[in-house]
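Chains as they are written, first to last, in the numbering used here: chain A, 1 to 342; chain B, 1001 to 1266.
Note that these hints are calculated values from the structure, not bench results.
Treat the hints loosely; a few may be bogus.
Stated by the list, open to error - Where chain A lies over chain B, by a calculated footprint (3+ residues, C-beta under 8 Å):
#	region
1	1048-1061
2	1079-1086
3	1090-1102
To be verified - Partner residues are not named here, just some residues of chain B that face chain A (Cβ under 8 Å, in silico):
#	residue
4	PRO1069
5	ARG1071
6	ALA1074
7	TRP1106
8	LEU1107
9	GLY1108
In this text the structure is predicted, and so the values were computed from the model without any measurement.
Backbone N, C-alpha and C define an ideal beta-carbon position, used for all residues, glycine too.
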Amino acid sequence: MRSPFRHAVVLNLVVLAAALALSVAVGAVSIPPRELARLLWAGMRGAAAPSDVPAFMAVIVFKLRLPHTALVFLTGSALGSSGAAYQGVFRNPLADPYLLGVASGAGLGAVAAIALQGGGVAAGGFLIPAAAFAGALLTVALVYALARVNGYVPTHTLILAGVAVGALASAVTSFLMLQSEGTLRRAIVYLLGGAPLNGWKPVLAVLPYWLAGEAILLVSGHPLNVLQFGEEQAQQLGLHAGRAKLLILGAASLVTAAAVAFAGVIGFVGLVVPHIARLLWGEDYRRLLPLSLLGGASVLLLSDLLARTLLAPQTLPVGIVTALFGAPFFLWVLQKAKRGRA
Amino acid sequence: MLQIRGLTAAYGEHEVLHGVTLDVARGEVLALAGPNGAGKSTLLRVVSGTLPPRGGAVLWAGRDLLKMPPRERARLAAVVPQARRLPPMFTVRQAVALGRTAYLSWLGALGESDRAAVARALAQTDLLPLADRLLGHLSGGEQQRMLLARALAQETPVLLLDEPTTHLDLRHQANILGLVRRLSRERRMAVLMVMHDLNLASRFADRLALFAEGRVVSVGEPAKVLTAEAVRRVYGTPVEIWRNGDGRPLIDLVPEPLPSARPPHR
Chain A
1 MRSPFRHAVV LNLVVLAAAL ALSVAVGAVS IPPRELARLL WAGMRGAAAP SDVPAFMAVI
61 VFKLRLPHTA LVFLTGSALG SSGAAYQGVF RNPLADPYLL GVASGAGLGA VAAIALQGGG
121 VAAGGFLIPA AAFAGALLTV ALVYALARVN GYVPTHTLIL AGVAVGALAS AVTSFLMLQS
181 EGTLRRAIVY LLGGAPLNGW KPVLAVLPYW LAGEAILLVS GHPLNVLQFG EEQAQQLGLH
241 AGRAKLLILG AASLVTAAAV AFAGVIGFVG LVVPHIARLL WGEDYRRLLP LSLLGGASVL
301 LLSDLLARTL LAPQTLPVGI VTALFGAPFF LWVLQKAKRG RA
Chain B
1001 MLQIRGLTAA YGEHEVLHGV TLDVARGEVL ALAGPNGAGK STLLRVVSGT LPPRGGAVLW
1061 AGRDLLKMPP RERARLAAVV PQARRLPPMF TVRQAVALGR TAYLSWLGAL GESDRAAVAR
1121 ALAQTDLLPL ADRLLGHLSG GEQQRMLLAR ALAQETPVLL LDEPTTHLDL RHQANILGLV
1181 RRLSRERRMA VLMVMHDLNL ASRFADRLAL FAEGRVVSVG EPAKVLTAEA VRRVYGTPVE
1241 IWRNGDGRPL IDLVPEPLPS ARPPHR
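Work the whole structure out from these sequences, hints included.
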């Protein structure tokens, strides 16, 4: 029982390491592996870049690629793990931050913060994730209240409520953007799920939210397992079900907000990754959460790589790439479920 | 002794329990029987802390179960629900281990004594050979036994069962009820069990409480409670009661006479 989990973690770490390396190395300017390794080694020791490596490479790696890669890592891991958590709390394998409308709600929060502040993204760097978190929390509360039927959340009401609330949030977002064109041009770009801001600032702005949320999610596997038997039974087994749900939803919304605040609304990662992890390694949420975190990061890093290279030098919004892969996968899962093997 | 005292409960304005008082001793199985909608399952929901009562108390050793946080209550009373919509991808052992939740931290790491309790519960329900089977691959009877094992892993002095034999065939009915009866003696548990089948109730319970319209109509040994008159009154349908050699009642439905088989005269 234990060793398959260890294998799964090792496998995921290897894939993640490869995805991280590729993400830093590949781009408009390729950094050869040897130079990359020497630059990173020097960076880790805090030493100056080796003199025989061209200076522009050091700039590209440390000022552009590394922060970008770090942000994509945070975003992907957040989507994967929050997807697993939402699926667990709602006891529904089709819950994910995108379909639930939570991502759109977080996006609305972020855009509202920019719009109200007027000063633009740079000044509001640390405020944006907070506003996104508020938007995410409001959305999840609303969707949950709308979708709940007799204390349980059926797929159709969940998807309907999620789509409706998400559409509403998107509409308000569009309205805000049209109202104040100048400052929000950049917002449009990132809401399409691409071209995050450059530099380390967004990474640092998002990191506290990511850390706080993931710290809670990664230790919540056991209560999520108990909740799989329904709120009544969870309570009878001695879990304060209401409190546990609230805490886990709060943490999931925290990391969703962290993901959306600077990377925009990216669909399907939170749906597909936990689903595959569940098929491969079972339902135990103590394993599912860390595996979804690692897998989400790898999947988004590789999608981002494709987004940057497919039509180079043009960069596609990464949300388009994840939808291109995720939507057919989603349909395949539905098809399989119809044949009675879900 | 489990003491249910003057319990009233309501769904909205509609009161469904009107002051129910019952005692269940350690080592005793009390069956709750009565027509649909009499409030049996509601009583179980209140006693297990799922539905807040409007009044009354459920006492164990002088303390009110209904005023405790879920964690404390789950160490005193365990519930065997009906096997419906179980998550299919858990193994039997994982699911039974969740019975230890009331003793575990948020992380849920099992200690020595927890593992021992799980192993004992699996052994007593003959589930050891199925311990690594997925819940989705179990039969209805096996799922019901898993839920019983999970409740046993809670190691509580009180056990509450909600119609544990629904959807089970004869052999599995006998198996589950025999097990409950034996465990009530071995573990000295006070067992409260909602039952639909009066014959099964009178066979496997020490005492029987007949329930109607949110009240206990009569309670005592099944042989004394189950008279033709009482059953007809509570269920509103005529029955015949046969006595076994040992005086145990066997209830037989009396069908209404069919209209005459002859074709009507013209």
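These are the hints, each one checked on the structure:
Figure legend: the region 1048-1061 of chain B, annotated as covered by chain A; annotation consistent (3 residues with Cβ-Cβ distances under 8 Å, at least 3 required). Counting residues of the region 1079-1086 of chain B whose C-beta sits closer than 8 Å to any C-beta of chain A gives 4, which meets the bar of three, so the coverage hint holds. With a threshold of 8 Å between beta carbons, the proposed coverage of the region 1090-1102 of chain B by chain A holds, since 7 of its residues qualify and at least three are required. Checking B:PRO1069 against chain A by beta carbon gives a least distance of about 7 Å; that is within 8 Å, so the hint holds.
At about 4 Å, the closest approach between the beta carbon of B:ARG1071 and any beta carbon in chain A falls short of 8 Å, and the interface hint on this residue holds. Contact between B:ALA1074 and chain A, as hinted, is supported at the beta carbon level, the nearest pair being about 3 Å apart and thus within 8 Å. Hint status for B:TRP1106 relative to chain A: holds, with the closest Cβ pair at about 6 Å, below 8 Å. Interface hint status for B:LEU1107: upheld, as the beta-carbon distance to the closest one in chain A is roughly 6 Å, under 8 Å.
Given the 8 Å rule on beta carbons, the hint for B:GLY1108 holds: about 3 Å separates it from the nearest Cβ of chain A.
Checked against the numbered hints listed earlier, the structure breaks none of them; every hint is satisfied.
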